[in-house]
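*Asks:* Here the protein sequences come in this chain order: A and B. 1 is the number of the first residue of the first sequence in UniProt numbering; add one for each residue after it. 1 is the number of the first residue of the second sequence in UniProt numbering; add one for each residue after it.
It is worth saying that the hints were derived from the structure and are not from the lab. Where is the CB? At the ideal position from N, CA and C, for every residue including glycine. Certain hints may be false.
Once the Cα atoms are required to be at most 20 angstroms apart in a straight line, the calculated SDA-like pairs of lysine to any residue come out as [said to hold, decoys possible]: (1) Lys264/A - Trp344/B; (2) Lys318/A - Ala338/B; (3) Lys264/A - Thr308/A; (4) Lys318/A - Glu335/B; (5) Lys318/A - Phe41/B; (6) Lys318/A - Val322/B; (7) Lys318/A - Ala310/B; (8) Lys318/A - Tyr319/B; (9) Lys318/A - Glu340/B; (10) Lys112/A - Lys318/A; (11) Lys318/A - Arg336/B; (12) Lys318/A - Glu317/B; (13) Lys309/B - Gly315/A; (14) Lys318/A - Ala315/B; (15) Lys277/B - Glu215/B; (16) Lys318/A - Gly36/B; (17) Lys318/A - Asp314/B; (18) Lys318/A - Gln332/B; (19) Lys264/A - Gly238/A; (20) Lys264/A - Tyr319/B; (21) Lys318/A - Asp316/B; (22) Lys318/A - Glu215/B; (23) Lys277/B - Gly36/B; (24) Lys318/A - Asp311/B; (25) Lys318/A - Glu331/B; (26) Lys112/A - His151/A; (27) Lys318/A - Arg339/B; (28) Lys309/B - Pro314/A; (29) Lys318/A - Glu320/B; (30) Lys318/A - Gly345/B; (31) Lys299/B - Gln13/B; (32) Lys318/A - Glu93/B; (33) Lys318/A - Asp321/B; (34) Lys318/A - Trp344/B.
Sample of chain A residues facing chain B (criterion: CB under 7 angstroms; computed from the structure) [claimed, not checked]: (35) Pro69; (36) Ala137; (37) Ala138.
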Amino acid sequence: MSKTGATTESTESTETITFREAIREGLREEMKNDDAVMLYGQDEEDGESFEVTAGLYEEFGGRRVRNTPISEAAQVGGAVGAAATGLRPVVELSFSDFIGVCFDQIMNQAGKTRYMFGGASEVPLVLRATEGAGLSAAAQHSGTVHTLVSHLPGIKTVAPSTPTAAKGLIKSSIRSPDPVVFFENKTIYDERGEVPTSDDHTIPIGEASIEHLGEDVTVVATQRLFSEAMSVAQDLEGDVSVEVIDPRTLYPLDAETIIESVAKTGRLVIADESPMSYGFHAEVSSRVVEDGFFTLDAPPQRVGVPDTPIPFAPGLEKEVLPNGADIKRAIRRVE
Amino acid sequence: MTFLNIDSPEGRQEALEKMLLARAFEDTVQDQFADGEIPGFVHLSQGQEAVAVGTCGALREGDYITSTHRAHGHSIAKGLEPDRLLAELYGKEPGQCRGKGGSMHVADLDQGMLGAQPIVGASAPLAMGAGITAQYGNEDWISLAFIGDGAVAEGQVHESFNLAATWGLPVVFVIENNLYSEGMVFDEQHNIEDLADMSASYGVPGVVVDGQDVEAVHEAVSEARQRALEDEGPTIIEAKTYRYRGHFEGDQQPYRSDEEIEEWRDERDPISNFARKLIEAGELTESGLEELRETAEAKMADALEFARKADEADADEAYEDVFVETVPEIEQHRERLAREQPHWGEY
Ligand SMILES: Cc1ncc(C[n+]2csc(CCOP(=O)(O)OP(=O)(O)O)c2C)c(N)n1
Numbered sequence: 001m002s003k004t005g006a007t008t009e010s011t012e013s014t015e016t017i018t019f020r021e022a023i024r025e026g027l028r029e030e031m032k033n034d035d036a037v038m039l040y041g042q043d044e045e046d047g048e049s050f051e052v053t054a055g056l057y058e059e060f061g062g063r064r065v066r067n068t069p070i071s072e073a074a075q076v077g078g079a080v081g082a083a084a085t086g087l088r089p090v091v092e093l094s095f096s097d098f099i100g101v102c103f104d105q106i107m108n109q110a111g112k113t114r115y116m117f118g119g120a121s122e123v124p125l126v127l128r129a130t131e132g133a134g135l136s137a138a139a140q141h142s143g144t145v146h147t148l149v150s151h152l153p154g155i156k157t158v159a160p161s162t163p164t165a166a167k168g169l170i171k172s173s174i175r176s177p178d179p180v181v182f183f184e185n186k187t188i189y190d191e192r193g194e195v196p197t198s199d200d201h202t203i204p205i206g207e208a209s210i211e212h213l214g215e216d217v218t219v220v221a222t223q224r225l226f227s228e229a230m231s232v233a234q235d236l237e238g239d240v241s242v243e244v245i246d247p248r249t250l251y252p253l254d255a256e257t258i259i260e261s262v263a264k265t266g267r268l269v270i271a272d273e274s275p276m277s278y279g280f281h282a283e284v285s286s287r288v289v290e291d292g293f294f295t296l297d298a299p300p301q302r303v304g305v306p307d308t309p310i311p312f313a314p315g316l317e318k319e320v321l322p323n324g325a326d327i328k329r330a331i332r333r334v335e
Numbered sequence: 001m002t003f004l005n006i007d008s009p010e011g012r013q014e015a016l017e018k019m020l021l022a023r024a025f026e027d028t029v030q031d032q033f034a035d036g037e038i039p040g041f042v043h044l045s046q047g048q049e050a051v052a053v054g055t056c057g058a059l060r061e062g063d064y065i066t067s068t069h070r071a072h073g074h075s076i077a078k079g080l081e082p083d084r085l086l087a088e089l090y091g092k093e094p095g096q097c098r099g100k101g102g103s104m105h106v107a108d109l110d111q112g113m114l115g116a117q118p119i120v121g122a123s124a125p126l127a128m129g130a131g132i133t134a135q136y137g138n139e140d141w142i143s144l145a146f147i148g149d150g151a152v153a154e155g156q157v158h159e160s161f162n163l164a165a166t167w168g169l170p171v172v173f174v175i176e177n178n179l180y181s182e183g184m185v186f187d188e189q190h191n192i193e194d195l196a197d198m199s200a201s202y203g204v205p206g207v208v209v210d211g212q213d214v215e216a217v218h219e220a221v222s223e224a225r226q227r228a229l230e231d232e233g234p235t236i237i238e239a240k241t242y243r244y245r246g247h248f249e250g251d252q253q254p255y256r257s258d259e260e261i262e263e264w265r266d267e268r269d270p271i272s273n274f275a276r277k278l279i280e281a282g283e284l285t286e287s288g289l290e291e292l293r294e295t296a297e298a299k300m301a302d303a304l305e306f307a308r309k310a311d312e313a314d315a316d317e318a319y320e321d322v323f324v325e326t327v328p329e330i331e332q333h334r335e336r337l338a339r340e341q342p343h344w345g346e347y
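Please model the complete structure; the sequences and the hints are all you need to start from.
*Replies:* This is the structure in structure tokens:
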């Protein structure tokens, strides 16, 4: 199995960069590799809201990097048309909460075109969107909606937790012949990590990574909660041995890696910032129950948002946001 | 109460007072945000006060507005009190929305403020929908949407224009064209000079008005309101204006020059120009103006004290108001997360 730490253990040269820079590097390299890759979105020429694409307009010019009016439906629908006719558009949707205004284009056009046309077309587009709370941005700018999109047939969804994964996966997403929605948690843009500098560094879509080995409890943690889970694992060292898995791709989900880990530990905690009902938690739990029920020594535990929108006031926001303490309590319940 | 009889000296004075209050409110917000007292994202509208006050001053009690992410001026103009508005920006319990909304989601149904909508374009269908209610019940009020120039590129805005026009709804659309949408300049987003020209596609009147002139805005909205009340359907008004601050507080504004901003501030400020006009007409003295400024600032000092001293929202508040009839899941999830005991093996 090449999954455990495969991306960091190699002899490749690396550099320490932020999550934001990792995505930018991935975008830059793929734009260099393939003239069909173009970026567009609102304020894209200035690097868009979170400055992920800063400098790319200067480097690649107005043919490759473009501003659009505020028209998410046209942005996504247009990307389907562009992708089906030979481009590889990377479209920024800024806050994923805005997905509502272009949901038809995601659900019915991006996700179904190829299928409905009997495989006659390919739709190699990437939609980038930010998720996550913690900035007091209130309910319409703080949501985590990846479950909604992962539920749609015909779409792949990616949600990296580390700079390495971010770079490797943005590159794979651009190279993917299928539509990919790439979710970026906005609160981890400044987290740093070792990232391979090679142009060839990619991470396959659909492959999880075991980032911390353990024997007692498996914690599957996404995005911001991944680094929280890593800290908890270190905190509990010597007491509870925690295995931490970053699924990296939400759909398709690398259930095999998770099931194998649970076969070893017998216990499962799923930490993800989306609402707890009907979500990513339920999917992971259900896969493990279906295929690994008899390896479980305790009921799987969910850590997430208790089905509320995200409130504005910092105190209230903190109240509903899951964190390391929640992960620790969940581990304590089953260890 | 929002109506201002702008044809009278009292009404004009009130309009000036409201603009000064809106400006003072946002100056306070600007400072307190810079000091780290106000969390989240803040979008200011200094420079656009004449649109807010001219528009809301033409409305009557019972009329509704919907607003955008840049909603402080509209809210003050519609009659919201600065203390509860500011407390909301602080995320405090007595805030307008009990700390759950913040700057981008302020509402006050009692004052006819149906809500700030940071989903760009969403203010249009909401006001259109209120117009359906008014028409359906043969009510004597209208609804009005503030829409940004950038928002006019959103499909839902056009769907709302079309539906309101086709059904002859009592709605007024006020496009506040401040030349910028985040960092994109107007002509990068639209291929026409006057957005009001779009009205032709819907068969409704389109009006371009100087958004720096509170009286002109008031007059245009009053006429549109009258048409709406007389079952003549919607009007699309475009008010040409300008914002002095960045898109949000903290915006470095690489997309425009300081000179451009200074030029608007010096030559086209809606408050100074209006005050000068009143002084020249003998309706106001320099010292009278100074007094009005001081009153606005004193109001803001009180509001600031109120907001600072107000209680934080209670943690339980976070779980309230998701539904009218509660569901068990929220409490269950909450308890599940917080549960220290028992260990599952003890079951
Ligand atoms: C659906 C949606 N897309 C994008 C955004 C991000 N956004 C917030 S305000 C804004 C610019 C709006 O410009 P305009 O309508 O002209 O209003 P102004 O900021 O000039 O008042 C953008 C793009 C959003 N909030 N909602």
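*Asks:* Work down the list of hints and note, for each, if the structure agrees.
*Replies:* Here is how each hint holds up against the structure:
Between Lys264/A and Trp344/B the CA atoms are separated by roughly 19 angstroms; this keeps the pair inside 20 angstroms, and the hint holds. As the CA atoms of Lys318/A and Ala338/B are separated by approximately 13 angstroms, the hinted pair is consistent with the 20 angstroms bound. Restraint check: the Cα-Cα separation between Lys264/A and Thr308/A comes to about 34 angstroms, which exceeds 20 angstroms; the hinted pair is violated. With a C-alpha separation of about 16 angstroms, the suggested pairing of Lys318/A with Glu335/B holds against the 20 angstroms cut-off.
Between Lys318/A and Phe41/B the alpha-carbon distance is near 17 angstroms, which keeps this suggested pair within the 20 angstroms criterion. As the CA atoms of Lys318/A and Val322/B are separated by approximately 17 angstroms, the hinted pair is consistent with the 20 angstroms bound. About 19 angstroms separates the Cα atoms of Lys318/A and Ala310/B, which keeps this hinted pair within 20 angstroms; it holds. A threshold of 20 angstroms between alpha carbons decides the hint, and for Lys318/A with Tyr319/B the separation of about 12 angstroms falls inside it, so the pair holds.
Under the criterion of a C-alpha separation no larger than 20 angstroms, the hint pairing Lys318/A with Glu340/B is consistent with the structure, at around 19 angstroms. Taking the CA atoms of Lys112/A and Lys318/A, the gap is near 38 angstroms; set against the 20 angstroms cutoff, the hint is violated. Of the pairs offered as hints, the one joining Lys318/A and Arg336/B holds, with about 17 angstroms between alpha carbons and a cut-off of 20 angstroms not exceeded. As the CA atoms of Lys318/A and Glu317/B are separated by approximately 12 angstroms, the hinted pair is consistent with the 20 angstroms bound.
Of the supplied pair hints, the one linking Lys309/B and Gly315/A holds, its CA atoms being roughly 16 angstroms apart against a limit of 20 angstroms. Between Lys318/A and Ala315/B, the direct Cα distance comes to roughly 9 angstroms. Compliance with the 20 angstroms bound is thereby established for this hinted pair. About 11 angstroms separates the Cα atoms of Lys277/B and Glu215/B, which keeps this hinted pair within 20 angstroms; it holds. Among the hinted pairs, Lys318/A with Gly36/B is consistent with the structure: their alpha-carbon atoms are about 17 angstroms apart, no more than 20 angstroms.
Straight-line distance between C-alpha atoms of Lys318/A and Asp314/B comes to about 12 angstroms, which keeps the hinted pair within the 20 angstroms bound. A hinted pair counts as satisfied when its Cα atoms are at most 20 angstroms apart, and Lys318/A with Gln332/B qualifies at roughly 18 angstroms. Taking the CA atoms of Lys264/A and Gly238/A, the gap is about 18 angstroms. The hint holds against a cut of 20 angstroms. Taking the CA atoms of Lys264/A and Tyr319/B, the gap is near 37 angstroms; set against the 20 angstroms cutoff, the hint is violated.
With a C-alpha separation of about 12 angstroms, the suggested pairing of Lys318/A with Asp316/B holds against the 20 angstroms cut-off. The straight-line distance between the Cα atoms of Lys318/A and Glu215/B is roughly 46 angstroms, outside the 20 angstroms bound, and the hint therefore fails. Distance check on the hinted pair: Lys277/B and Gly36/B sit about 38 angstroms apart at the alpha-carbon level, beyond 20 angstroms; violated. At roughly 16 angstroms between alpha-carbon atoms, Lys318/A and Asp311/B fall within 20 angstroms of each other, so this suggested pair holds.
Using a Cα cut-off of 20 angstroms, the hinted pair Lys318/A and Glu331/B holds, with the two alpha carbons roughly 16 angstroms apart. Straight-line distance between C-alpha atoms of Lys112/A and His151/A comes to about 13 angstroms, which keeps the hinted pair within the 20 angstroms bound. A C-alpha spacing of about 17 angstroms is found between Lys318/A and Arg339/B, which places the hinted pair at or below 20 angstroms, so the restraint holds. Only pairs whose Cα atoms come within 20 angstroms are accepted, and Lys309/B paired with Pro314/A is accepted, the gap being roughly 16 angstroms.
A C-alpha spacing of about 15 angstroms is found between Lys318/A and Glu320/B, which places the hinted pair at or below 20 angstroms, so the restraint holds. Restraint check for Lys318/A and Gly345/B: the C-alpha separation of about 30 angstroms exceeds 20 angstroms, so the hint is violated. Between Lys299/B and Gln13/B the alpha-carbon distance is near 17 angstroms, which keeps this suggested pair within the 20 angstroms criterion. This hinted pair checks out: Lys318/A and Glu93/B have alpha carbons roughly 15 angstroms apart, not beyond 20 angstroms.
The hinted pair formed by Lys318/A and Asp321/B meets the criterion: a straight-line CA distance of about 17 angstroms does not exceed 20 angstroms. Between Lys318/A and Trp344/B, the direct Cα distance comes to roughly 27 angstroms. Violation of the 20 angstroms bound is thereby established for this hinted pair. The closest approach between the C-beta of Pro69/A and any C-beta of chain B is roughly 3 angstroms, which is under the 7 angstroms cut-off, so the hint is satisfied. With 7 angstroms as the threshold, the beta carbon of Ala137/A comes within range of chain B, its nearest partner Cβ sitting at about 6 angstroms, so the hint holds.
The criterion of a C-beta within 7 angstroms of any C-beta in chain B is met by Ala138/A, whose closest approach is roughly 5 angstroms, and the hint holds.
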